[in-house]
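Protein chains: 4
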Amino acid sequence: MPGNSFGTFFKITTWGESHGRGIGVVIDGCPSKIPLDEEIIQSMLDKRRPGKFAASTKRKEPDRAIIMSGAFEGMTTGTPVMIMIENKDADSKAYEPLADLFRPGHGDITYMAKYGIRDWRGGGRASARETAARVAAGAVAAAILKKENIKIYAYTVELGGVKAKARDFDEVGRNIFFCPDADAAKKMEKRVLDVKKRGDSIGGIVEIVVKGAGPGLGEPVFDKLDADLAKGLMSIGAVKGIEIGAGFDAAKKLGSENNDPITPDGFLTNNAGGILAGISNGDEIVVRVAVKPIPSISIEQQTIDGSKAQRTLSIKGRHDIAAIPRINVVCESMVAIVLADHLLRQNAVSLT
Amino acid sequence: MPGNSFGTFFKITTWGESHGRGIGVVIDGCPSKIPLDEEIIQSMLDKRRPGKFAASTKRKEPDRAIIMSGAFEGMTTGTPVMIMIENKDADSKAYEPLADLFRPGHGDITYMAKYGIRDWRGGGRASARETAARVAAGAVAAAILKKENIKIYAYTVELGGVKAKARDFDEVGRNIFFCPDADAAKKMEKRVLDVKKRGDSIGGIVEIVVKGAGPGLGEPVFDKLDADLAKGLMSIGAVKGIEIGAGFDAAKKLGSENNDPITPDGFLTNNAGGILAGISNGDEIVVRVAVKPIPSISIEQQTIDGSKAQRTLSIKGRHDIAAIPRINVVCESMVAIVLADHLLRQNAVSLT
Amino acid sequence: MPGNSFGTFFKITTWGESHGRGIGVVIDGCPSKIPLDEEIIQSMLDKRRPGKFAASTKRKEPDRAIIMSGAFEGMTTGTPVMIMIENKDADSKAYEPLADLFRPGHGDITYMAKYGIRDWRGGGRASARETAARVAAGAVAAAILKKENIKIYAYTVELGGVKAKARDFDEVGRNIFFCPDADAAKKMEKRVLDVKKRGDSIGGIVEIVVKGAGPGLGEPVFDKLDADLAKGLMSIGAVKGIEIGAGFDAAKKLGSENNDPITPDGFLTNNAGGILAGISNGDEIVVRVAVKPIPSISIEQQTIDGSKAQRTLSIKGRHDIAAIPRINVVCESMVAIVLADHLLRQNAVSLT
Amino acid sequence: MPGNSFGTFFKITTWGESHGRGIGVVIDGCPSKIPLDEEIIQSMLDKRRPGKFAASTKRKEPDRAIIMSGAFEGMTTGTPVMIMIENKDADSKAYEPLADLFRPGHGDITYMAKYGIRDWRGGGRASARETAARVAAGAVAAAILKKENIKIYAYTVELGGVKAKARDFDEVGRNIFFCPDADAAKKMEKRVLDVKKRGDSIGGIVEIVVKGAGPGLGEPVFDKLDADLAKGLMSIGAVKGIEIGAGFDAAKKLGSENNDPITPDGFLTNNAGGILAGISNGDEIVVRVAVKPIPSISIEQQTIDGSKAQRTLSIKGRHDIAAIPRINVVCESMVAIVLADHLLRQNAVSLT
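Residue numbers (our numbering), protein chains in the order written: chain A, 2 to 353; chain B, 2 to 353; chain C, 2 to 353; chain D, 2 to 353.
Keep in mind the hints are simulated off the structure, nothing from the lab.
Fair warning: there could be bad hints in the mix.
As the list makes no split between identical chains, a pair holds if one copy fits it or if it spans any two.
To be verified - Calculated lysine-lysine pairs in the DSS-like style (CA-CA distance at most 25 Å, straight line):
(1) Lys191 <-> Lys152
(2) Lys48 <-> Lys191
(3) Lys147 <-> Lys34
(4) Lys148 <-> Lys253
(5) Lys191 <-> Lys253
(6) Lys253 <-> Lys166
(7) Lys147 <-> Lys166
(8) Lys34 <-> Lys317
(9) Lys212 <-> Lys94
(10) Lys253 <-> Lys188
(11) Lys89 <-> Lys187
(12) Lys164 <-> Lys309
(13) Lys254 <-> Lys164
(14) Lys147 <-> Lys191
(15) Lys148 <-> Lys197
(16) Lys187 <-> Lys253
(17) Lys147 <-> Lys309
(18) Lys94 <-> Lys166
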């Protein structure tokens, strides 16, 4: 089975390459009569646009979302919603010197090994540009969740080793790093500028919190809510680790510390991250993802070419220094898609 | 879509509850002519049997695997392989006092919220006993991988805060914790006995390494190899975190440190954990999972009952102190299942 | 993807061979709190038992359904329902002379071509015995449909060239052919006895009618209700043709004859067979299937053996003369499974 | 699960409405390095273009296929192939009088019942225009089959009651009905003109033959080759019946007539239509589909409007008199898609 679909009932299928004619997504399974227009999608897409900061790529795609099908007079019709984003500012010439080189940390070498052919322009299908299609789908998922008063927050809790201590949600929108800690945001800025100067790149950690999801979402024993969140988030290119609730800290705790005591008013703690035995328990759902540094750096690196000869390369293209904060809305979107899917799945078996 | 199947081409569907008539798995998609008999499955199942140590449950299930279909004269036939394990030593009486209580850290409360009915005997479907079916399927997956000389190692790298420093694979089979560090194993033993005395429980970290997998496994952009590993492993009850390669450490690294330089003889480092852009790169695949402490403890805990009244409980049943090391072979099995599935998927598109 | 699962939300996976340890089915996606016990399943299974008539095989399986999981105190729990039927009266010796022969009209030759190995005992996986698992699943589907007051009738409208003219539903249960026309049933009996004497076999046509299904079931453009019915019914071994409503007669009609006029009280005719554009229209759903004659006959036939040498064979085993009427409940079951699946699917997107 | 995808490994997902911005298909699972350009797709699409005959709609869509992704320098890359066809000649005004009417024989009434909202312009998603996306996908499937020397023929064997007696494949391309019998084609022409004069419409029967498919395709017990063909073909709007090989005639035959004798050189007859127990047997695969008359007729019909009031309507739009012969290439495409899918599935389990 091919791998470009995600979800079962709210099912998305993405297509497109970085420098081809465009990218897009077909959403099959969106219920009818959900309010949907291009502005709703655009406002989500705008969160992943570059250009706000020195850390960002200089590629300037307008990234205009076009709804090609599935909506009529501002409402979904129950038929597939296809959203397309045309590629306008692709500059393939910058990639010509790389056409026969495998960039370290990128998928160049594995795509070639797997398919025996490779669209090297801008990283082809393996480009982070593919995530714009996920965000477009995420906007539709969010429109469904809105009906159920479910809200998702994605914010930066670590960047280049700088950790956020506070969790001030109001602060998130005020700084360019979507960081819930104003002091940490300032240190992050200093760190980014320093790394940029050296031609290097950095990683970090994004935390995603879901508020308003009732209990009962998740389909044991394999399509558990945490399992599907893990898959959805790990499928984002730069992600190398996932935690639910206490996560890796749970490995160090005693059972008496890690269990969340239950009271008539709810749980006293939330080490579970809102999920027990793969099913949401009504508490906040808490997930964290580890984001690796952007592999494209101008520092010289060792690699090979298509004929396996040793080469060096230094990448001068238009690249971000960090996937954060542009990746945050991608994480938010994947979580929205997983929740919308599980909402419909739970709905299916709720016979009256 | 219901959630008790995993995989696409090598597809497993598990069934059964802890104290029902039995548990089992249907494997659909196993190629024909793979050598298979009950001994092959049994030897894998025996790795998750309790009783080797004070840390383990006293439930003594013989766990005899019966191949009900799909094999003929010692070979698979290409038809579904159903493997059944009957429940013999279920003691539901011990659970009667818990029938109306929601055990903290367990799925009791979420199963009730989701389904409105609950087989409370032994945790029902949410019991760790369900993982025996995964291990039976893992044995079949391993039989396929064997044909391709792919081997999987799962071992304990942290238990109750005690970390393994060495990675001596020969040592793994010599100690009861499947730990690759003899010194650490001794400290783990001390730690476990201490915790047991206090009626508490502990968690830890399991590392899984795959040797011999060639490049090309994984189906971007959603069914990436790391994404499917994350889902498979996160779907195991006690797992709360997943890392690939450098994992959460990658979030702290510079791009110049994290990128694995490429030479004609392979990669110089393996921060990628053997996976680039969701496709295996031919290097060792490295995954780690965070395992939470067993939630059943004899220390008194706060909870509620079915009518939402505040209650306390202290669990005296036959429980493990730690999911490790019995969970190790479950992790190994899930990794084997993911790899077997991706091997067949890659095979499908390899037209000659 | 392997092919032993059917349905998406009410998803069944069957396993087992004719002369192996047993056969069975895992039903994943059955909603919780549906009344279910072994008697409900048994009464459906009893409809496909042989022995009522000279036309039937002499194999006498008690076919006792055992619910292995998914039900607790007479109700489904939302977890997988596994139903098993053990093989008790398998007589493999009768098949030994056939072990190296490919029976004409059977799957012997194609299973060997596909899998390179073959469980020749009783036809293995290709045996009609496999359909008992479908009937067990059909009983569970029917239990769901019952909640919605949906009822399915399957009856014989043609056997060995003898056609039923009447559609007297009360008559169906009164004759051994499940024929809605008492006169035709008598002629069918005569025809069957005549064919039996000559060592030959016959086919016929089964009609299935669904009453009580509301409008809105079916998922265009591929999982249309008629498309899924066609697949489910065509997947039954002996079926070679499917018609919905007017079926092949529609090919001969004018548009003005074939269109069903719409009035405030419903449709004036039902050439559509209750399905328009793949979605149920609230009228009776009408399907017919063409059933080929049983391929096992005692008349001598030409065939080859495993080494491709020309051979003849005459099959003397315990075989039916016609798949009808035992196949009727199998058709009924597949229709029930398709409807239960589409009911849940429609439920999923019915947000309030 | 939504219903706009078909296939498992060669998986297509179609999108689009008759009068929206366009229609299209994402093909996920197309192997890499298959030669593919827009001309290959266009030549297949041109077979379903109207305008060759009085029987056809006057809507003149150029139907230019645009490959949006998945191909690079004339070859597929293994990533999703998205093919788009823009809507250029949509005239929604003609449909305005029908906006509140349910056309008999159309999906208007069932789409409204299911979704509670309806894009009435040109039939929306239920329009036959949707099949252009299937044909685009069929062209890609055919490109894969070409590598294996598999060829598919779809031709008209009955139209408005006129039957083709001959099966002269060379004749098929010579007449406007794709009929393998020159005499019958002449009679069909007369019949069509006569029906057109009366403002009525007619149906017919299409036969599809596959040559060159080896044995072993099909995945019992549900995804049998005939079952998937039945589903794929029944999912085409106008199809009301399916037959494999002898089909409904098999219901009238004796076993001794219907069984195909086997010789070292192959089967002596082909009542099986090339499929035994759901697996191809290496003989020609033969399928027939019953096509209902086009429901849009200018003869006055009885119907209701959105408020359930009795109304009459007479449809004057640009409509075909018969779905045949434009539907022929749609049937051919669905068969190609099923075969490509099963080819990859069989490939997956063919371990060396």
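Here is what the structure says about each hint:
Taking the shortest Cα distances, Lys191 and Lys152 never come within 25 Å of each other, neither inside one copy (31 Å) nor across copies (46 Å). Taking CA atoms no more than 25 Å apart as the test, Lys48 paired with Lys191 passes inside one copy only; the shortest distance there is 22 Å, against 51 Å between copies. In the homo-oligomer, the alpha carbons of Lys147 and Lys34 lie at most 25 Å apart inside one protomer (13 Å), although the nearest pairing across protomers, at 30 Å, exceeds that limit. Within a single copy, Lys148 and Lys253 get their C-alpha atoms no closer than 39 Å, and across copies no closer than 38 Å, so neither meets the 25 Å cut-off.
Taking CA atoms no more than 25 Å apart as the test, Lys191 paired with Lys253 passes between copies only; the shortest distance there is 15 Å, against 33 Å inside one copy. With identical chains, the CA atoms of Lys253 and Lys166 are at most 25 Å apart both within one copy (21 Å) and between copies (16 Å). In this assembly of identical chains, Lys147 and Lys166 lie within 25 Å of each other by CA distance neither inside one copy nor across copies; the values are 29 Å within and 48 Å between. Proximity of Lys34 and Lys317 under a CA criterion of 25 Å is satisfied in neither setting, with 47 Å inside one chain copy and 31 Å between copies.
Neither within a single protomer nor between protomers do Lys212 and Lys94 lie at most 25 Å apart by alpha-carbon distance, with minima of 45 Å and 39 Å respectively. Proximity of Lys253 and Lys188 under a CA criterion of 25 Å is satisfied inter-copy only: 15 Å between copies versus 29 Å inside one chain copy. For the identical chains of this complex, Lys89 and Lys187 are neighbours neither inside a copy (34 Å) nor across copies (53 Å), given an alpha-carbon limit of 25 Å. In this assembly of identical chains, Lys164 and Lys309 lie within 25 Å of each other by CA distance neither inside one copy nor across copies; the values are 41 Å within and 39 Å between.
Taking CA atoms no more than 25 Å apart as the test, Lys254 paired with Lys164 passes in both settings, with 22 Å inside one copy and 14 Å between copies. Taking identical chains as interchangeable, the C-alpha atoms of Lys147 and Lys191 are never at most 25 Å apart, the minima being 37 Å within one chain and 52 Å between chains. Proximity of Lys148 and Lys197 under a CA criterion of 25 Å is satisfied in neither setting, with 42 Å inside one chain copy and 48 Å between copies. Taking identical chains as interchangeable, the C-alpha atoms of Lys187 and Lys253 lie at most 25 Å apart only when they sit on different chains, with a minimum of 18 Å there against 32 Å within one chain.
For the homomeric pair Lys147 and Lys309, neither the shortest alpha-carbon distance inside one copy (52 Å) nor that between copies (29 Å) is at most 25 Å. In this homomeric assembly, Lys94 and Lys166 never come within 25 Å of each other (Cα to Cα): the closest approach is 43 Å inside a single copy and 48 Å across copies.
Violation of the numbered hints given earlier is confined to hints 1, 4, 7, 8, 9, 11, 12, 14, 15, 17 and 18; the remaining hints are satisfied by the structure.
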